[in-house]
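Undergrad: Top line first, the protein sequences correspond to chains G and H.
Quick note: the first sequence, position 91, residue 1017 per this note's numbering, numbers continuous.
Quick note: the second sequence, position 124, residue 176 per this note's numbering, numbers continuous.
Hint data in this document are derived by calculation from the structure and do not stem from the laboratory.
Predicted model only: the values in this text are computed from it and were never measured.
Hints should not be assumed to be uniformly reliable.
Claimed, not checked - Just some of the chain H residues that point at chain G, by a computed CB distance under 7 Å:
#1 Pro263
#2 Ala275
#3 Ala301
#4 Met304
#5 Thr327
As the list claims (entries may be wrong) - With beta-carbon atoms standing in for the labels, derived distance ranges:
#6 Pro1016(G) <-> Pro305(H): 14 to 22 Å
#7 Arg960(G) <-> Arg105(H): 58 to 66 Å
#8 Ala975(G) <-> Pro282(H): 17 to 25 Å
#9 Glu1027(G) <-> Thr95(H): 51 to 59 Å
#10 Asn284(H) <-> Glu953(G): 34 to 42 Å
#11 Pro156(H) <-> Tyr962(G): 53 to 61 Å
#12 Lys325(H) <-> Glu953(G): 30 to 38 Å
#13 Gly1024(G) <-> Pro282(H): 19 to 27 Å
#14 Leu181(H) <-> Gln977(G): 42 to 50 Å
#15 Thr310(H) <-> Gln977(G): 29 to 37 Å
#16 Thr184(H) <-> Gln977(G): 39 to 47 Å
#17 Leu152(H) <-> Glu953(G): 54 to 62 Å
#18 Ala975(G) <-> Pro156(H): 52 to 60 Å
Idealized CB from N, CA, C, for every residue including glycine.
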Amino acid sequence: MRAMVVAWIVLAAWGGEARAAAGADAENGKLLLRQYGCGTCHRIPGVAAAQGDVGPPLAGVARRVYLAGVLPNSPDNMARWIRAPRQYKPNTTMPELGVSEAQAREMVAYLQGLR
Amino acid sequence: MRRLAKAASIAAAIAAVVGTIAGVAIQSGWYDVSAVEQHLKPTYWLLETAMRRSVRVRGANVAVPPLDDDALARRGLALYRRNCVGCHGAPGVAPEPFALGLAPVPANLAYTAREWPAGDLFWVVKYGLKMTGMPAWEFRMSDDELWATVAFLKRLPHLSPREYEALQATEPPPPAHESTHADPERGKRAMHQYACASCHVIPGLVGANAPVGPPLAGFGARAIIAGVLPNNPENTVRWLRAPRQVNPASAMPDLGVTERDARDMAAYLSTLKDTR
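Work out the full structure: start from the sequences and follow the hints.
TA: Next up, the structure:
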């Protein structure tokens, strides 16, 4: 019994640390989503000003199977899409906003939490 | 009064016990849903009887036109060979292998057509049967075509395999152009019939609602469709009918949506203003 409790605490602490690192990225990501004006076109839970109805809402985007109808959803593909949407869908309304690789990663960290 | 209260508490206790047993049975995965394991005999009887009664009650209200017409039956044969024979077979013709793996096994229609009134046959072909392989043909055949099919079905029990083989089918004429008024309620039915809810969460539709594509709540308030087209009825129709023409890389397939069905679906989608 005691061993189980100890194991549980160790696991919880370990998971907590990983979560904290991901959490910092995600927090930055949320900030970046605001800074790049994503909310002008998308509704994004947790980003108060993001009430746009131009593109699809991003609630639950982490569970979606396809991104923009063209890319299978994965953290890598999401980062690619954010950086260069027109490369994957030339006629898309979504503009290329000059997001860096690192910034896209942090945005993805936040968006992948929207389940 | 006291006896009533006692009876009520006993009923509540029984309901709780039955509910618990049902809950455990469901949660434990006890019932085998595979198509290989047969139904228990009482289960089969229950499903079959409930289906038969449901169809009988609804089929009784169908107004049956004259069906004893060779030309009509020949058009029905063309439709039968295209849409039905794969699962139901025909005199001397086996169903396709995949159909033999269905549960319930598709009925032999020579028997069904002999036993069932024409109104019941029409009702089943038009609206389909839940939880069986029987699809609804409402959005795939006009009423004229459905009646032609029924006219042929009514002849089926009297055909020998040789006669069936020798029969000449005539292609039915293309369906006449129907109503031009967009009907959101019909559009909602059409969305169910084109399986839209297997990839989208759609308010008003019960289904898998899998998040394959974006949710359609708030579609009516959205500015752009599929990231490329300004949202208006014409563009919605265009997108619904030929998504891959608008965006060749799209995961959304062309589903063969008719102009009328697309117009009705667009009308329904435009009513979805609330994003939640």
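Undergrad: Which of the numbered hints are not met once you compare them with the structure shown?
TA: none
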